[in-house]
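For reference, the chains in residue letters:
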Amino acid sequence: MNQLLDVKDLSIAFETNEGLLKAVSNVSFQLHENAILGIVGESGCGKSITAMSLINLLPSNAIVSSNQMLFNGMDLRSIDKNKLYEIRGKDIAIIFQEPMTSLNPLMKVGQQITEMIRLHENSTLKEAKQKTQWMMKKVGLSNVKKLYHSYTHELSGGMLQRVMIAMAMICQPKILIADEPTTALDVTIQAQILELMKQLNKENHTSIIFISHDLGVIKEMCTEVMVMYLGYCVEKADTSVLLKHPAHPYTYGLLQSIPNPKKGKSRLYAIPGRILKLSERPKGCPFCTRCKRATEKCRTQLPELQEISTNHFVRCFYPLDHPQN
Amino acid sequence: MRYLLRKMSSVIMTLFLVTVITFIVFEIIPGDPIAAKLGIEADKVQIEALRKELQLDQPLIVRYKDWIGNALKGDLGISIRFDEPVINLIQIRMMVTSRLALIALVITIIIGVPLSIITAKYDNKGIGIGTSIFSQIGMALPSFWLGILMTYLFGLVLKQFIPGRYVPMEQNFVQGLNYLLYPAIAIAIPKIAVVVRYLRNAIMDQTNQDYVRTAYSKGLRSHQVMVRHILRNALIPVITIMGMIIADILGGSLIIEQVFTIPGIGRLLIMGISNRDFPLVQGMVIYIALIVIAINLLVDIMYHFIDPRIKLN
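So the sequences go chain by chain: A and B.
Throughout the first sequence, residue numbering follows the working numbering, covering 445 to 769 in sequence.
Throughout the second sequence, residue numbering follows the working numbering, covering 234 to 546 in sequence.
FYI, nobody ran anything at the bench for these hints, they're computed from the structure.
Some clues are possibly wrong.
Said to hold, decoys possible - Listed below are the simulated DSSO-like cross-link pairs for lysine-lysine, each with C-alpha atoms no more than 30 Å apart in a straight line:
| hint | chain 1 | residue 1 | chain 2 | residue 2 |
| --- | --- | --- | --- | --- |
| 1 | B | LYS544 | A | LYS552 |
| 2 | B | LYS358 | A | LYS466 |
| 3 | B | LYS354 | A | LYS525 |
| 4 | A | LYS527 | B | LYS358 |
| 5 | B | LYS354 | A | LYS534 |
| 6 | A | LYS452 | A | LYS527 |
| 7 | A | LYS573 | B | LYS544 |
| 8 | B | LYS544 | A | LYS589 |
Every value quoted in this text rests on a predicted model; they were computed, and no experiment measured them.
Chain A extracted, bound-state conformation (with noise of 0.2 Å):
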């Protein structure tokens, strides 16, 4: 399988009145050709933010640094700005959480799509508008001719979705960041978004990020996952691996959180604890505050990701489900 993308130690970090707040910290990862790379994380752990990077959709106030940003064999660290709008949208599309907000309100939802076409390819209005209605009846719209007229405050959350996913695909980018993609769905159409997106990445090829803090959902999606904490990348395997013997006790946690309605009446599992804020983030292991096993050790000292099966990376002291232990 080839490398699409090859990021290595990428950091983020944002200036406030607060002075410089660190989101991500040494961050590395390869997304391969047709993959589902899942990014997983409570909120503000610094998943999104890692794959906006990419395509340099931060904040202004955000300061950016890695050692490699590779896409396609292409630095996009220094590539100049009119490649880099080249690449938004064209080979790298995103799809976000929020399609009632996320789209246009006063703009047809149609248009929308069609204005992704003519900027990226040559074609005339009609042409435009032809892909565009054939693109939303492929992510499974129907009655397409009203619903290229239609506006955002016309259509559900689900509609919108499937709107702003003909929007990210009607290019064929090489791939496809999805942020949280059906976080604001009901359960329902979530089920059927995903089913979506994973036929569009057999029919099409597009690798795909999906950013989710939902393990559940990673589960059915992809084929690898990063798990990120505070910044830092605190697991990272094949989804079937991870799934099976989670190394890190924060992923445990997660694993263990996800609902199951098998074990009966038993009461849902919580990891203990809160998120810290960035600044309050302690000196040693992110996770140290939370965690059960945590000695001097991890509140003191930082644990460098290490590989403790192939393609296995834990950043942890004490893994579990290791022989060590």
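Add chain B to chain A, keeping to what the hints say.
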């Protein structure tokens, strides 16, 4: 349809109230149109004759009934001071004021809108702070003061026009335009300040919206995002302000017309009031009320076109 009916009934109600109030106010305030017309030394017979002719011997209600009856037929009566039909007087002055208003409005828009965009874009940098200060001062400046300043500077020092004179556009287009341009600028400056203040805030509000991030993610350049996405959304709250500005200018910039001696609606109104020329004032009050109503209607309709979420009913 129901919208129109409801709107019409409120228009009629407003006009009725406005005319009643001006009638009553004229009854209360001191001053006499006859004295204003004939002078203090007129003899008794003359005064009595004119009083009868103007029906001033009749009670208020009767006079109002007569007046409104005629007004409904389109006859606003004859000005006491000018001995001319009120409608003619207003029409002639209206041409002047509407030209002045149009020029002022064009200046306000072509300077106000780009300035707002720049201020919003460079919020915390030199330009942004500079325009913020300008808009703060501009809003505080009374336009008559600007008018006096400009009369002095462009009229007396730079000799661009002769203060106290007015050349109609029909006579000499370039000269006429010149005589309207300076008062238009004096009107426009405070209005630009208001537009910048509101539009800048609206643009900055919209810039943080999710759909703007989506627009960037599509690969649009920042000027495309501004023109195609942000500006239209930002204009929605500003339309109301624009409507108020237009009504304000069209209703006669009373003081500016006085300062630049432009024979427009504003000067006519002042003359009418100081001469207690009640048919004239009454007619002008109706005219101004109609303008305000028409502009409000226009704003409603524009909302409907710009924002698909708003339905007229």
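Each hint tested on the structure:
1. For the given pair, B/LYS544 sits about 16 Å from A/LYS552 by alpha-carbon distance, which is consistent with the 30 Å threshold.
2. The hinted pair formed by B/LYS358 and A/LYS466 meets the criterion: a straight-line CA distance of about 25 Å does not exceed 30 Å.
3. For a cut-off of 30 Å, the pair hint linking B/LYS354 to A/LYS525 stands: about 18 Å separates their Cα positions.
4. Taking the CA atoms of A/LYS527 and B/LYS358, the gap is about 28 Å. The hint holds against a cut of 30 Å.
5. Between B/LYS354 and A/LYS534 the CA atoms are separated by roughly 27 Å; this keeps the pair inside 30 Å, and the hint holds.
6. For the hint pairing A/LYS452 with A/LYS527, the CA-to-CA distance comes to about 21 Å; that is within 30 Å, so the pair holds.
7. Simply put, A/LYS573 and B/LYS544 have alpha-carbon atoms about 27 Å apart, close enough for the 30 Å limit, and the pair holds.
8. Using a Cα cut-off of 30 Å, the hinted pair B/LYS544 and A/LYS589 holds, with the two alpha carbons roughly 22 Å apart.
The structure is consistent with each of the numbered hints, conforming to all of them.
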